[in-house]
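Sequences are here, hints too, so could you generate the full structure?
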Amino acid sequence: MRLASAIALAGLAMATPCRDVLERTMAGHMLVQYPVLLAAGWCGARALPWRALRRLRPWNPAGAPGLLAALALLTATMVPRVIDLAVANPAVDVIKAAMLVAAGGLASVAWRPAGRLGQAFAVGNAAWMLAAGGLVLAESPARVCASYLEGDQARAGFGLVAWAIAGSVAWLASLRRRPRKGVRARLTAARDRAPLSPRASRP
Amino acid sequence: MTRRAATGVAGTVAATVLAVAALAWSTQGFRVLTLDGARAAAVANRPRPVPSAHVQDADGAAIPIAVPGMVTVVDFVSTACLSVCLAQGSEFALLQDSLGGGATSADRRIRLVTVSFDPDDDASRLRGWAEAQGATAPSWRVGRVAADDRRRLLETFGIVLVRDPVAGWRHNAAFHLVDGGGAVRRIIAANDPVGALRAARLLVDVAPDAGPTERSGRLAADRAAR
Numbered sequence: 001m002r003l004a005s006a007i008a009l010a011g012l013a014m015a016t017p018c019r020d021v022l023e024r025t026m027a028g029h030m031l032v033q034y035p036v037l038l039a040a041g042w043c044g045a046r047a048l049p050w051r052a053l054r055r056l057r058p059w060n061p062a063g064a065p066g067l068l069a070a071l072a073l074l075t076a077t078m079v080p081r082v083i084d085l086a087v088a089n090p091a092v093d094v095i096k097a098a099m100l101v102a103a104g105g106l107a108s109v110a111w112r113p114a115g116r117l118g119q120a121f122a123v124g125n126a127a128w129m130l131a132a133g134g135l136v137l138a139e140s141p142a143r144v145c146a147s148y149l150e151g152d153q154a155r156a157g158f159g160l161v162a163w164a165i166a167g168s169v170a171w172l173a174s175l176r177r178r179p180r181k182g183v184r185a186r187l188t189a190a191r192d193r194a195p196l197s198p199r200a201s202r203p
Numbered sequence: 001m002t003r004r005a006a007t008g009v010a011g012t013v014a015a016t017v018l019a020v021a022a023l024a025w026s027t028q029g030f031r032v033l034t035l036d037g038a039r040a041a042a043v044a045n046r047p048r049p050v051p052s053a054h055v056q057d058a059d060g061a062a063i064p065i066a067v068p069g070m071v072t073v074v075d076f077v078s079t080a081c082l083s084v085c086l087a088q089g090s091e092f093a094l095l096q097d098s099l100g101g102g103a104t105s106a107d108r109r110i111r112l113v114t115v116s117f118d119p120d121d122d123a124s125r126l127r128g129w130a131e132a133q134g135a136t137a138p139s140w141r142v143g144r145v146a147a148d149d150r151r152r153l154l155e156t157f158g159i160v161l162v163r164d165p166v167a168g169w170r171h172n173a174a175f176h177l178v179d180g181g182g183a184v185r186r187i188i189a190a191n192d193p194v195g196a197l198r199a200a201r202l203l204v205d206v207a208p209d210a211g212p213t214e215r216s217g218r219l220a221a222d223r224a225a226r
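Protein chains in written order, with my numbering: chain E, 1 to 203; chain A, 1 to 226.
Honestly, I wouldn't trust all of these hints.
[Unchecked claim] Here are a few chain E residues that sit away from chain A, every Cβ distance over 12 Å (derived from the structure): (1) Met99; (2) Trp111; (3) Arg112.
[To be verified] To be clear about the criterion: a stretch of chain A counts as covered by chain E if any three or more of its residues have a C-beta under 8 Å from a C-beta of chain E, and this derived list gives those stretches: (4) 3–11; (5) 16–24; (6) 27–37; (7) 161–174.
These are computed hints drawn from the structure, not numbers from a lab.
No residue lacks a Cβ here, since even glycine has one placed at the ideal position from N, Cα and C.
Here's what the structure looks like:
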C-alpha cells in the first residue's frame, strides 16, 4: 500500500499534464512538486521490509549519514540553475525528481535512528535553508531563475518560508505525542533492539 | 575497529561523497548558481560557434552576427517589451556614445547588433524602436531574426523567453560578445555596460585582424588568460 502510494505520488508529480501545470509557476514547482516527490520517497522507504532496514542500520549510525545526504540532495535540487534546467530539459527533470525521491527515502530511513537530537539538527538545518532561500527569492529585485517572473519568484519565496515554519511547528508538535503502545509498538521496538545477526549476540 | 564501526564509517564516507557529488553537479563544480552564470562560464571556457542565421534590418538588409576582424556586441530584445529590453537599449546607446564613432582603432573594430526575437516585430516597429533608442548604423544595427532560425539562435546564446502579461516578453538579457570568427566568447551581465565595453576592447586587442581561425581564437584566449 505504501509502495503503491509512493509510486502514485511520484507519477502524479512527474506525469506530463501535472508536471507542465506544476512547473509553469515557480510556486507550483517548489512548493507543490518538490514536497510531493519528497513524500513519495518517504513513503517508498517506509514500504521497505524491516529486514532490509535492519541491514541498512549499521551503514547509517545515528541516522547521521542518511540525514546528511538527504539535506545535500535537497539543497542541490534547489539551486536556481537546476530549477531552470529541469524546466527546459526533461532528462534533468528526471534526475531532479530522482534526487528528491532519494532525499525523502534517506530521511525516512534515518529518521528514527537519528533520535530527537539528530532530528532537531536536520529540521533546524532544513528550516534555516528554506527560510533563508525563501527570503532571498522574495526580496531579490532581479530574477534568480530565467524561467520565472519576479512576482512568481516572490510568491515561491514566501511559500518556502511558510514551509520552513510549518515543518518546524509540525516537528515540535510531534515531540508532545505519546509513544505508541500496544503489541505492534512493542514488536517494532524489539526489532530495533534485535542484534543484526545471530553471531553478533554472542559474548 | 570493529566491523560494525567500520561499516558506520563507510556509510558516513559514502553519504559525504554523495552529498559533495550532488552539490558539485548542481553548481557546475561549485562555480555557478544560476543559469546565466553557467552560460557565461561555459562560453568563457569554450567559445560557442554561432549558427548561420538570417537577421535583417527594417529595410531588409542582412545583418551578419559576426564580421571577420571585428568584435560584435549582441543583445536580444522585443520592441513590445517595456522593461529589460528598454533598459538594454539605453545601455547600448551608452556603449554607442562611448565608442564615439570609432575614435580609436580598437573602437572602430567594435560593432553593436540588436536582434529582435519577437515574431510580431515588423519593419515599422523595428525602425521606430531603433530611432527611439538612437541606434545609428553602421556602428549599431537593429534587426529581427527569421522565424526558421529563431530557436537555434536563441538556444546558442542561451536565451530563455518567458511570456509576461505586463511587459510582453521577458528574457535573460546580457551583453554577448562575438568574435570575428563567429563564436560567442564572453557573456557580460546586462547591468554592466562598462564591463562589456572593457571586455570588448580586450577582445579586440587580443584578437588578430584575421580573426576567424580556431588557432587564433585559442591564442587570443591564452593571451587574455595571461
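Verification of the hints:
1. Met99: The assertion about E/Met99 is violated, with a minimum of 6 Å to chain A.
2. Trp111: holds (15 Å)
3. Arg112: holds (16 Å)
4. 3–11: holds (count 5)
5. 16–24: Answer holds; 6 residues pass the 8 Å Cβ test.
6. 27–37: holds (count 8)
7. 161–174: holds (count 5)
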